[in-house]
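Given chain A's structure and the hints, the job is docking chain B onto it.
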Amino acid sequence: MLKQFLNKIPRKAVKTDSPDTNGMEQGDNSNGFQCTLGGATFSSRFNVVKRVSSAVFPTGGTEAVDPHMSFKVVSNSQKQSLFLSKLTLCCELYDFNDHDKNYSQINLKHETLIELVDFVSSGSVKFNEAAISATCKMCAINLFRVFPPKDRSNSMGGAGEDAEEPMFDPAWSHLQIVYDLLLRLVSYSSLDLKVAKKYMDHSFILRLLDLFDSEDPRERDCLKTVMHRVYGKFMVHRPFIRKAVSNIIYRFVFETQRHNGISELLEIFGSVISGFALPLKEEHKMFLLRALIPLHKPKPLGVYHQQLTYCVIQFIDKDQKLASVVIKGLLKYWPITNSQKELMFLSELEEVLEMTSIGEFQKVMGPLFRRIAYCLNSTHYQVSERAHLLWKNEHILNLVSQNSQAIIPLTLSALERNSQNHWNQAVLNLTRNLKKILSEMDEELVTSSQRTSQEEGSTLSSTLEKRKAAWERLEAAARGSLISTDSAACPVTF
Amino acid sequence: MAALDETLYPIAVLIDELKNEDMQLRLNSIRRLSTIARALGEERTRKELIPFLSENNDDDDEVLLALAEEMEAFIPYVGGVEHAHVLLMPLEALCSVEETSVRDKVVESLCRIGSQMREMDLVNWFIPMVKRLAAGEWFTARISACGLFHIIYSSAPEMLKMELRSIYNQLCQDHMPMVRRSAVSNLGKFAAKVEYAHLKDDVMSIFKGVTQDDQDSVRLLAVEGCAALGKLLEPQDCVERILPIIVNFSQDKSWRVRYMVANQLYELCEAVGPEPTRTDLVPAYVRLLRDNEAEVRIAAAGKVTKFCHILDAQLAIEHILPCVKELSSDSSQHVRSALASVIMGMAPVLGKDATIEQLLPIFLSLLKDEFPDVRLNIISKLDEVNQVIGIDLLSQSLLPAIVELAEDRHWRVRLAIIEYIPLLASQLGVRFFDDKLGALCMQWLQDKVYSIRDAAANNLKRLAEEFGPDWAMQHIIPQILEMSNNPHYLYRMTILHAISLLAPVMGSEIACSKLLPLVINASKDRVPNIKFNAAKVMQSLIPILDQSVVEKTIRPCLVELGEDPDVDVRYFANQAILSIDRVMMSS
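Residue numbers (UniProt numbering), protein chains in the order written: chain A, 1 to 494; chain B, 1 to 587.
This is chain B alone, in the form it adopts within the complex:
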């Protein structure tokens, strides 16, 4: 009796749990399917568990998703690859679920399983399943089928291959746009498995049909197909077959399709090769740069540099540069911003002379743009142009731009420019920096917004790293000393924060002689928040400073704070004392 119980047991547990009203419990039990399978053993898993799962698939999507995930790694539990086909049964049923995320996962699992199955089993089990799905009455099954062809095609015998190609053709012309979309987006993967002769004929004629679909949602997926198929075709065939399609797409009546072309432009150029790009895609690209829809121009403007890299300088100057000039005064700020984020990269392509003559005026006008993002994008890529023409030509216009951004009323803009200051410092050099930007860096320490003050302190640290302690000693420390007496406690707090960041960079000597007195001073502040922050800074200084200094100066100060009336001050002082003790113990 007990033995009988024992054998029925695992599946009974599962049945019981899957009946529970609480979805979390059902989910948990699905997650532990492998345990049940191991307990049952391979044969009973095949004969009892898998059929049970195939029949019980009327559950919440979340549970089904988990089931699909579990099945993916289930091959060992059913007895290895030779039995893998039994797993198709529960998954096939899930292919018709409405919820997209479940279906996607099921297809992924099926692909994983199919790629491990033996060729014979694929022909006997997997291909018939795909055919059933592709003929499915409900469109979800057909959608799932589209993603499985690339797994089976190579294993199919000749006759079956022909049939598979024709089924795929049917799917590409399905009356449901959803199915056509799935067929188009999987076409590249399928085409990669098809023999070249058929690729050139069958697949290309399927593709040609797809590119003329009346739904733009289908056509725009075909744009990606252009790149995928183009890479599979031999250069000559690609130019003959794919290039005209790309050119057509670039003039599609739907802006979404044109946007897609602009977005995929580099991949498309790669597919057709440099020579046809120069002859045929340049005019197409120029049209996109001048498109009526800002959205298309944004995508196109963002590809200017990558595209120019494929061209030679001459063509770029002749065809692309005039458009770039137009775009730099485009009515949409987003177009200008997209352009500004890449335009600096054109300098190496055009060479020094052309850059100075043609690009520089554009840089300068973008640096004066009314929209801060445009200016920021230019500044962020300064290093690229510096390599070609040096910074001197730009520095005249840079400064007003930086100053204006530094005082922008949106704190996010100020924050962005602060983050570029170390980059600017390294590009512009100490001299320029001292004259012009030093004051700004100090000014940010007293910003109204905390994030800016915080970033400003960090910036000082990075500058000290860039220019060295001696420079910092001269240019930062004196001003810090001065600001530590600011009547506003929040600004005094920023200074404390800056000190804790600067101390490790400056080295123990300066930290001890210049910075420590400030901290000690702060520990006698009238505001408790300053006092406990001073305690925290002292704690951070312990590893930097000499032990004797710690004992002589810091500990007495902390002991005093440890008796403060404010509970937080006492807490942080004691924390700091504890860490002194720990250092003492370990040394």
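Next up, chain A with everything else stripped away, as it sits in the complex:
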């Protein structure tokens, strides 16, 4: 009955300012996708509810209880309705910037929130429909907010522009407890999911995911725990959550390159992926391909690289056949000028190769070792060192030795170039060692490819000549045919 009432309100509220109900219908038939109008109805629902709430919530048959009373003094039968009225009290928002004016109210709300958490943790709460609805409403009103713009006042000071302080919401002392309450609701062991999902709907989840962009790591941490729990508990929401997170990632990778919560989202996904059933669904593989691999591209990769690698490794762990796909992706997004990123790629590559079977390895080894050869030659000594160290890995060495015919020639010319040109002593030593390892692997091949690589030097100029000649002939042919086509084309082109 309560729900019906709640549902009626937004319809009317929206209708008054929009004669067009066409969009509304879609907003309400939640067919698994987040609808364009979901948020608008959602927020207006709560705004309206906020005003009428005192009339709505104590409808469970018991009369309203003064929210200022303590749980200790009321009878057990009244506790539940006291819980509701305290929740209603906490729906009021106060301006923390004007702390002096609202001091007493802010304090009162703080105490009330703590009482609520205590009450819930004491186990005496019953999360029936009214309680779930009221808790969700209170959380929505408090948590769902638009983050303020980045403060520019410091940036003019000149120095220290990069080391910007993260912005903390002045109301954090309240938010923290609200998150705690939400977590307790989601973790409530005998939560009626059918009822709860009416209030924790797609729109609610979407708004929750939006909050991951918070600059406050404490808030993101709370969100991570809550969202993880939601994902675990609400089976019906899982596809939607995956989709919504993909959208956040796409936006981050392809549009803004700015998001504060990517690493937290990936942490959730780390455990989500490890829970995927085998064989992997196409949808999940797509997530790897379309979201996780492109995540290697943005500049702030360093912030979430560890979590990203973990997710990628989880995928390969599930399905060996994905290794070559991942390696191809890494090669596609391989950084060209950013050595720091290159180091991350190399370490991820090593982890991936560690899990790669020989069959998968053979699919990509050509392009892969051409890339590694470039890294061996990098003038950034750390990159070069890191590339040399790949051979210290036994699994990789094993893969190489089984395919030495293909790999040694590629590697050797890079090593030759290093021993002739590289500036760094440590790299030179590593190069010498690596050459030794390769010689031990296949002495004959090493000498023969050394010979061919020397010859290559002389053939290089001739291939250049050939290319130039080829294009010149083409140029001449083009000129020749231009005359004929021109006369032919004349009547057609206008």
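Bear in mind the hints are in silico, worked out from the structure with no lab data behind them. Every value quoted in this text rests on a predicted model; they were computed, and no experiment measured them. Where a beta carbon is used, it is the ideal one built from N, C-alpha and C, also for glycine. Incorrect hints may have been included.
Claimed, not checked - With a Cα cut of at most 20 Å, we get these calculated EDC-like pairs of lysine to aspartate or glutamate:
id, chain 1, residue 1, chain 2, residue 2
1, A, 328, B, 404
2, A, 285, B, 98
3, A, 466, B, 17
4, B, 189, B, 201
5, A, 243, B, 59
6, A, 332, B, 60
7, A, 233, A, 180
8, A, 281, B, 60
9, A, 332, A, 255
10, A, 328, B, 98
11, B, 306, B, 224
12, B, 524, B, 563
13, A, 328, B, 61
14, A, 299, B, 60
15, A, 466, B, 21
16, B, 161, B, 98
17, A, 328, A, 351
18, A, 243, B, 224
19, A, 150, B, 137
20, A, 468, B, 16
21, A, 332, B, 55
22, A, 299, B, 61
23, B, 19, A, 255
24, B, 303, B, 201
25, A, 150, B, 216
26, A, 332, B, 21
27, B, 448, B, 470
Claimed, not checked - Derived coverage of chain A by chain B (criterion: at least 3 residues anywhere in the stretch with Cβ under 8 Å from a Cβ of chain B; other residues may be distant):
id, segment
28, 143 to 149
29, 403 to 416
Said to hold, decoys possible - Chain A side only, calculated, beta carbon under 7 Å to chain B, not exhaustive:
id, residue
30, 204
31, 257
32, 276
Below, chain B alone, put in the same frame as chain A:
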């Protein structure tokens, strides 16, 4: 055999090059596609090259971008407009690429090609392609589709038009926010092609839905749509349909949307017309000026003057001016700075009396602002207020402001004020300038920072131009003479620099009698850097001075420098001698 070779040849070269591991080579060969096409001839380009390109699009984004660029101008190579549709095939595949810059370019190329295609071909080829893209499984194809509707709509038959409108409606409600964003940002272009009746119904209801999107990134794009659609609608419809949306947006819960409204305010006012602006947008604008977020107030403050131009003086004084007063003491320096950069422009709108009575106190308080940018912004627009109330009323407060800026500890602030000195000089007149600012201009020549000294020298030149050589003779030259003996060589160098700039303005006589001796003197300096700079200045004086002077005075001096122990001094002296010789030869 040779003939067979010859015919296969062009495409074989391309295939070969596109297989190369070196991306630069692949890129080069794509850049030369037109050569290959010409060599192949039109028919074989259509039948062999284009299909080949359509199949081989699994390359680096950079190569794909180049391919999209090349295709844009490929119509002549496939046999002219009647065959243009073959180019759609390779481009359609590129519409699904992830990289945004590639897709943008592909859409641009497709638009270019589509706008040249014959109507019949658009219906047969282009529209089916757009429909395929709009139904694409992967969201990138749908994003690309949004940018193509405005090319095809007019050519479509009635039934198809209806279908296109409904497809666009679908795109605006796509479950991916990225697609919705693309649909919204292209809505204006599409709407411009739609018949008025449908514009009023279909498009407006699509738009209405978009304005209620739950993602603020979508809504804020719709703000621009308001201006675009508003211009297409008849005034009455615009007021009825668009105005309420703008007013709603100005109270959106996301500051980004409100910021967008503040930023686009002028365009929005233009769209709805002056009368509704006065009645409905003034309250909205006042709210934005008092917004909670500084970012919104910054955008709103920057539009104060433009907005007031639409209003009459009465409304501006009544509604906007009180906000302006509040903003002039806003807690954010950026708000005050934004206000200061435009507020002077309000003077012509308000008229003389109101300016003196109401605006002047605000100018004065901003001139005393603790944040230098605010003061600088006021000073930079001094000419605008001068036309209305004259400068006298301000000059009392101007001077302390200028002096303080001139001594600011940030050299960029000092630099900024120097650049406004010629403007101030022209506005304030010689008298005021002589009394108050002359000394400052000289003081800057001895600044610690090179850029300031350099700007100071330039400033002297511009002042000499403004007030004439006689004035400069009286007020600049004597002090220059005096400073040329400064014990610090860097300051002596600045003087040399100033001389080289002033000489052309002062004319040959003064240059010869007053400035040249200084330079000659400098050539005997003990610091080599001064000596070779003296040589450089002499070189620059050659065209100004009389030839006899050059021969009698400059050449001997340069010859002497040419035997200096310092290699740089010798070099520049010889350079100068060479240019004397060149002048002699040519005369």
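Verification of the supplied hints:
1. A:328 with B:404: violated, 62 Å
2. A:285 with B:98: Distance of about 17 Å is within 20 Å: holds.
3. A:466 with B:17: Holds. Residue 466 of chain A to residue 17 of chain B sits at ~12 Å (cutoff 20 Å).
4. B:189 with B:201: holds, 17 Å
5. A:243 with B:59: violated, 28 Å
6. A:332 with B:60: holds, 7 Å
7. A:233 with A:180: Measuring from Cα to Cα gives roughly 17 Å; hence the hint holds.
8. A:281 with B:60: Violated - the C-alpha atoms of residue 60 of chain B and residue 281 of chain A are around 28 Å apart, more than 20 Å.
9. A:332 with A:255: Measuring from Cα to Cα gives roughly 19 Å; hence the hint holds.
10. A:328 with B:98: Roughly 16 Å separates the two Cα atoms, so the pair holds.
11. B:306 with B:224: The hint holds at about 18 Å.
12. B:524 with B:563: At roughly 12 Å apart (the allowed maximum being 20 Å), residue 563 of chain B and residue 524 of chain B satisfy the hint.
13. A:328 with B:61: Distance of about 14 Å is within 20 Å: holds.
14. A:299 with B:60: Distance ~18 Å between residue 299 of chain A and residue 60 of chain B Cα, so the pair holds.
15. A:466 with B:21: Given pair residue 466 of chain A, residue 21 of chain B holds - Cα atoms ~17 Å apart, limit 20 Å.
16. B:161 with B:98: violated, 29 Å
17. A:328 with A:351: Distance ~15 Å between residue 328 of chain A and residue 351 of chain A Cα, so the pair holds.
18. A:243 with B:224: Distance of about 28 Å is beyond 20 Å: violated.
19. A:150 with B:137: Cα-Cα ~37 Å, so violated.
20. A:468 with B:16: Measuring from Cα to Cα gives roughly 13 Å; hence the hint holds.
21. A:332 with B:55: holds, 19 Å
22. A:299 with B:61: holds, 17 Å
23. B:19 with A:255: violated, 31 Å
24. B:303 with B:201: It is violated: about 33 Å lies between the C-alpha atoms, which goes past 20 Å.
25. A:150 with B:216: Satisfied, since the Cα-Cα distance of roughly 17 Å is no more than 20 Å.
26. A:332 with B:21: Distance of about 13 Å is within 20 Å: holds.
27. B:448 with B:470: violated, 30 Å
28. 143 to 149: Result for this restraint: holds, n = 3.
29. 403 to 416: This one is violated; 0 residues, fewer than the three required, reach chain B with a Cβ under 8 Å.
30. 204: Since chain B brings no Cβ nearer than about 11 Å to residue 204 of chain A, farther than 7 Å, the hint is violated.
31. 257: violated, 11 Å
32. 276: Given a least distance of 21 Å, the restraint on residue 276 of chain A is violated.
Hints 1, 5, 8, 16, 18, 19, 23, 24, 27, 29, 30, 31, 32 from the earlier list are contradicted by this structure; the remaining hints agree with it.
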